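**Q** Protein chains in written order, with our numbering: chain A, 1 to 310; chain B, 1 to 310; chain C, 1 to 310; chain D, 1 to 310; chain E, 1 to 310.
It is possible that some hints are incorrect.
Covered stretches of chain E, going by a simulated chain A footprint (3 or more residues, C-beta under 8 Å) [what the hints assert, rightly or not]: (1) 103-112; (2) 163-175; (3) 248-254.
Covered stretches of chain C (in silico footprint by chain B; criterion: 3 or more residues with CB under 8 Å from a CB of chain B, positions within the stretch not fixed) [unchecked claim]: (4) 71-85; (5) 138-146; (6) 213-220; (7) 235-246; (8) 262-276.
Rather than coming from a laboratory, the hints here were simulated on the basis of the structure.
Since the model is a prediction, treat every value here as computed from it, not as a measurement.
By construction, the Cβ of each residue, glycine as well, lies at the ideal position given by its N, Cα and C atoms.
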Amino acid sequence: MTPRVREILGWYGADSPGTLTNLARLLNHGRLAGTGKLVILPVDQGFEHGPARSLAPNPPAYDPRYHFGLAVEGGCNGFAAPLGLLEAGARDFAGEVPLILKLSNSDVLRDDKDPDQALTAGIQDALRLGCCAIGFTIYPGSAHELAMYRQVALCAEEAKRNGLAVFIWAYPRGSALSKAGETAIDVIGYAVQIAAQLGAHVIKVKLPTAHIEKDAARAVYEEQSIPIATLADRVRHVTDCAFAGRRIVIFSGGTMISDNDTLLDEIRAIHAGGGFGSMIGRNSFQRRREDALGMLAAMMDIYASADARS
Amino acid sequence: MTPRVREILGWYGADSPGTLTNLARLLNHGRLAGTGKLVILPVDQGFEHGPARSLAPNPPAYDPRYHFGLAVEGGCNGFAAPLGLLEAGARDFAGEVPLILKLSNSDVLRDDKDPDQALTAGIQDALRLGCCAIGFTIYPGSAHELAMYRQVALCAEEAKRNGLAVFIWAYPRGSALSKAGETAIDVIGYAVQIAAQLGAHVIKVKLPTAHIEKDAARAVYEEQSIPIATLADRVRHVTDCAFAGRRIVIFSGGTMISDNDTLLDEIRAIHAGGGFGSMIGRNSFQRRREDALGMLAAMMDIYASADARS
Amino acid sequence: MTPRVREILGWYGADSPGTLTNLARLLNHGRLAGTGKLVILPVDQGFEHGPARSLAPNPPAYDPRYHFGLAVEGGCNGFAAPLGLLEAGARDFAGEVPLILKLSNSDVLRDDKDPDQALTAGIQDALRLGCCAIGFTIYPGSAHELAMYRQVALCAEEAKRNGLAVFIWAYPRGSALSKAGETAIDVIGYAVQIAAQLGAHVIKVKLPTAHIEKDAARAVYEEQSIPIATLADRVRHVTDCAFAGRRIVIFSGGTMISDNDTLLDEIRAIHAGGGFGSMIGRNSFQRRREDALGMLAAMMDIYASADARS
Amino acid sequence: MTPRVREILGWYGADSPGTLTNLARLLNHGRLAGTGKLVILPVDQGFEHGPARSLAPNPPAYDPRYHFGLAVEGGCNGFAAPLGLLEAGARDFAGEVPLILKLSNSDVLRDDKDPDQALTAGIQDALRLGCCAIGFTIYPGSAHELAMYRQVALCAEEAKRNGLAVFIWAYPRGSALSKAGETAIDVIGYAVQIAAQLGAHVIKVKLPTAHIEKDAARAVYEEQSIPIATLADRVRHVTDCAFAGRRIVIFSGGTMISDNDTLLDEIRAIHAGGGFGSMIGRNSFQRRREDALGMLAAMMDIYASADARS
Amino acid sequence: MTPRVREILGWYGADSPGTLTNLARLLNHGRLAGTGKLVILPVDQGFEHGPARSLAPNPPAYDPRYHFGLAVEGGCNGFAAPLGLLEAGARDFAGEVPLILKLSNSDVLRDDKDPDQALTAGIQDALRLGCCAIGFTIYPGSAHELAMYRQVALCAEEAKRNGLAVFIWAYPRGSALSKAGETAIDVIGYAVQIAAQLGAHVIKVKLPTAHIEKDAARAVYEEQSIPIATLADRVRHVTDCAFAGRRIVIFSGGTMISDNDTLLDEIRAIHAGGGFGSMIGRNSFQRRREDALGMLAAMMDIYASADARS
């Protein structure tokens, strides 16, 4: 147990030893074990975007075992997926990589202006599959947001009671927000705060832009001169919004980017801003396996380097 | 236990021995026992389309026992029906054919643009009737899709906990889709993926056309040159969408087709594409009994022949 | 136990001895005991239509005990009513007549185009009152139909688990149907099928007309030349739609008819068509007691005569 | 135990000795003990109409203990109020007056055309506070009526199982009714019937007018020449609608009336018509205490006099 | 135990010793211990208004421990916050300050005309975190008000059963009210009464203005000459509306006010009017720490001075 991991676990004083053990499993697994940084492979795009769009660019990825293997060989801290995908590999890869069961999902067949998520599995599923955490998506800004918050609260209480950790994917979206607002710095910061208040141990958001969506927020950003010019600035602000950095915030990898430099620049900015790591899906499994492993290694090199902040 | 059945059971590593036993009962029953292929008689049309439309073309079919008998004599792997119909024959035919209780149903009295299903029975019903599986219909694309996913997830968890297998009828439909889109290759592939992610052991879909419904999907199909020209191509793609063929996908028989050659050509294409079989309702029970038995035998001959793919 | 009752009980092979015992109580009670025919007194009109409209034509009927007494003295097989009315007489008449607790009710204060029913009592109420069955109304064709089917399914499972029998009043109604469609032969047949699939032991419908509501159904009725010209033809078709006559279908008596010949002609047609009997409310309790007893006796004479079909 | 109370308890043959004991506590308490008549003090106007409108005319009434004291000293059979008000006095006045916990409430901040009620307490609250009964308001005629009926049915079953009695405030209201229709004789009669069918032991309604709201009802009232000209006639008809007088029907006192003669004339009419008493709120607590006690005594004198009907 | 605290506890005669113990913990903690007055630090603005707007004016406040420390050093009676924030400090500050878990929350990303709250934690969370009370927000006047009342009732019953105290934040808001109406004296009085009737032990409202929103209320205020001219008058009326002062009513501190005199004048008016104290969030944590401590001390000085009323 490294001092940094011990420090991080110390932030979760309200949790049971069972939940801390599961958080420690994630923090102490893979290439970044002990650093306090996390690179997690999330594969829910088959459900969220459709199988052909997600998997056809790299056909071996149609097989769930491909992703388990990629997470193991890539040295990821964990692997996150919906029920069916985890069921398809949990026995073959038992004990090889910490699992996060994504309990909620949606699809893109519909294009509702106020998106929602369905609960597609339960805590008992996570326990029987040997997961160390469960995860949900919330859409702050959607007309369904309050129902999602409540659902998360109910499941999080059950998860913690059973010694699991809780991830929240906080994706602002819906009729209350413009398209640009979905990644506005004020909105991402707000989403992170909501997830933290809902009791998440780990929060995943998209990288924020310098756009400010709400007038009432803009006044404060300007008055207080909150630095948001660079990506690192914004990452730093976002982690501040998660209880002054005392909750783990990680960032999504976004759509497939063929230009590795651009992608790694983002990782450097996350690292410089004090972010805790990445959930990197499409940029992992939509490349050829060797490329993905190389990219993951390069990312982990950055996260393993001396932290610019903490 | 044939090697092929053992192989198939190996795909379901997250399931209990109880559920595997029930899957094995289906795979090892009837004319196709041991082949890994399934021909199942589904009779829910009395509920879904009305009794006269479904049964009047072959009046003996009004009697539930007719269908049990047809499934038994026809050598089907199983018989699927709603609660009432199974209750009407389960004692008389106990042990003669594996049963699948269809837990959800709808009717066509209404013609809502966003269709939904009612839960019309429960897991305890399946257990008291000696069923080996339960089944549901989902309508991806309907405004009610998320509620249906959640309902399936709740029941599937209970079913697996009780050692039952889970079927999902995945029928894309609703205000998000055009009529052609209901059987579009991208949409059927997506529906199969959703069902697999929801934890289905067996997935039933309609045969897909070469139509592509969603622009975002079309770009990928074209870019990746996914073969979808022939029916066998499309079946192959659809089984890929079910965890690279590691979930059982079977196809519906569609409306009554008097031309046997057309029907058998479809079966040959399913077989050639690596599909796992058929659920063949109206093309079974809307014919005279001898014709139905002949047709079932001809289908099974095809499925029992050397598999073009696996 | 007559052979006919034994035969009927044989249709319910999925039910527990407890439920069969309760079905037998109904079939072996009153003037028609042992015949396999049923005349049941249903009194829910105070709730469904209002007390003055229902009871003022025969003021003694305001007293719940009047109906218990009428059912007993009239030799009815059973007495069906909502919670309050049964509570008001169940102790005084304990053991004198089988009771059916109607679990759902609605009123006519509102005139919603898509009617619904409220669950107004539960299985535990039925058990404490000594009932042998519970009953519900469903409105196939209403926008609320799926919710009603689900409610029925939940309660029916609990009822069967507790050894009770299940009645369904299947009254097509709602925005999907024209007024004539509510009693159209295709729609009544469909409603009976739905009730049978939901697991009803006894199904009550209105007498169907020769009208056909749905085009898709009309094509089949014409193509298959299903006889529907006479009321007996239609009754026969409706009982076919209930698992080829293997579920008990009874018919409502409709509004008060002063012309006894017309009413008894309907009974003769039900009998000739193989119907299992009547639920006869307003035509019983809206007459003077002696007239009602005479009418019930005349009806039972018809049902007790040699059955034209079975 | 007087013969009259014993007779009334005999109407509730389906209830447990526990519930009968609680009904007897109400019937045998206060000035009217043993007469079979009830004068109950209901104080929910702070919630239903607001505190200033309800309590400012008599400022001591802001204190919950004022109402307990008024009910005790006034010799009322019981005291009915929402949770908070009962909690504020139940220990100080334990055993001094039977309590009825009003489980549902609404407010007048909103003016929805289809009113609804919130469940604001539960059966366990009633038990811990030592209540002998629970009560609800239903709004027959509102678009929410069926949901309210179901809620009442669920709570009433639990209440009876725990030996409590059940009151229903039946207040017709909502988009299906005109303003005059809310107190129309046909509608009040219908509301009483619905409450009785839902299993109420005691039903409270407003005094009906001679207006008839529904055409289908008017035809019957005219054809059967139901007497509704005088208030006593109407009270008699309304009690008939409650199982021929075998359920306890009491009447609300309405808004504050400064003219005592008018108020007492209403009481005389209730008494003459066979009504069982009054729930008299604003006409009790909006007067000075001595006036209220005088008025209550005058009312009870009337109810204690020889009953014109029973 | 001071006589005043003993007196206050005496108002809650329906509560268990467990709940009284927890109320006493609040009343006997901090600088105002034993006075019967309460100054509580509430920090839910990160969720309700967003982190930057709430916390950037005083950056140390991003850290949850800042608020625990401020509550402890400031001598507050308690500290109220949502789940996540309490989880982040409950172990480090265990036993140092009484905690109130705010069970419901909303955000301002949306601007719905009928606001609602999500349940974001449960009673079990409060117990595991060592809280002495739970709290909710209700929005009387919103189309969702009845659902919120019901939710509060359900949780309050569970809380009391587990020995916790219950706070209600009563914030009138929604389509039934004008903006001015949200703090109108009649509406605030009504909101306090509703909260008291729902069984709250402590009620928090905004300071009322002299505006009267509803015509029916205005008539009474004028007729009864209820004094509402000064803030102290209005506070006195509002505490009257809480069972004649027998429920604890405290007032929110509102938006950040830089002019201390204005703020303290409000406190003096609350004190003069017999209010029980303040929940003072933004005026505490949006200042520099020393300023906040000074302001809290000044407020407490006022509340600790001889009470003008009780």
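**Q** State for each hint whether it applies.
**A** Each hint tested on the structure:
{"no.": "1", "hint": "103-112", "in the structure": "holds (count 8)"}
{"no.": "2", "hint": "163-175", "in the structure": "violated (count 0)"}
{"no.": "3", "hint": "248-254", "in the structure": "violated (count 0)"}
{"no.": "4", "hint": "71-85", "in the structure": "violated (count 0)"}
{"no.": "5", "hint": "138-146", "in the structure": "holds (count 5)"}
{"no.": "6", "hint": "213-220", "in the structure": "holds (count 4)"}
{"no.": "7", "hint": "235-246", "in the structure": "holds (count 6)"}
{"no.": "8", "hint": "262-276", "in the structure": "violated (count 0)"}
In terms of the numbered hints stated before, the structure departs from hints 2, 3, 4 and 8, listed from lowest to highest.
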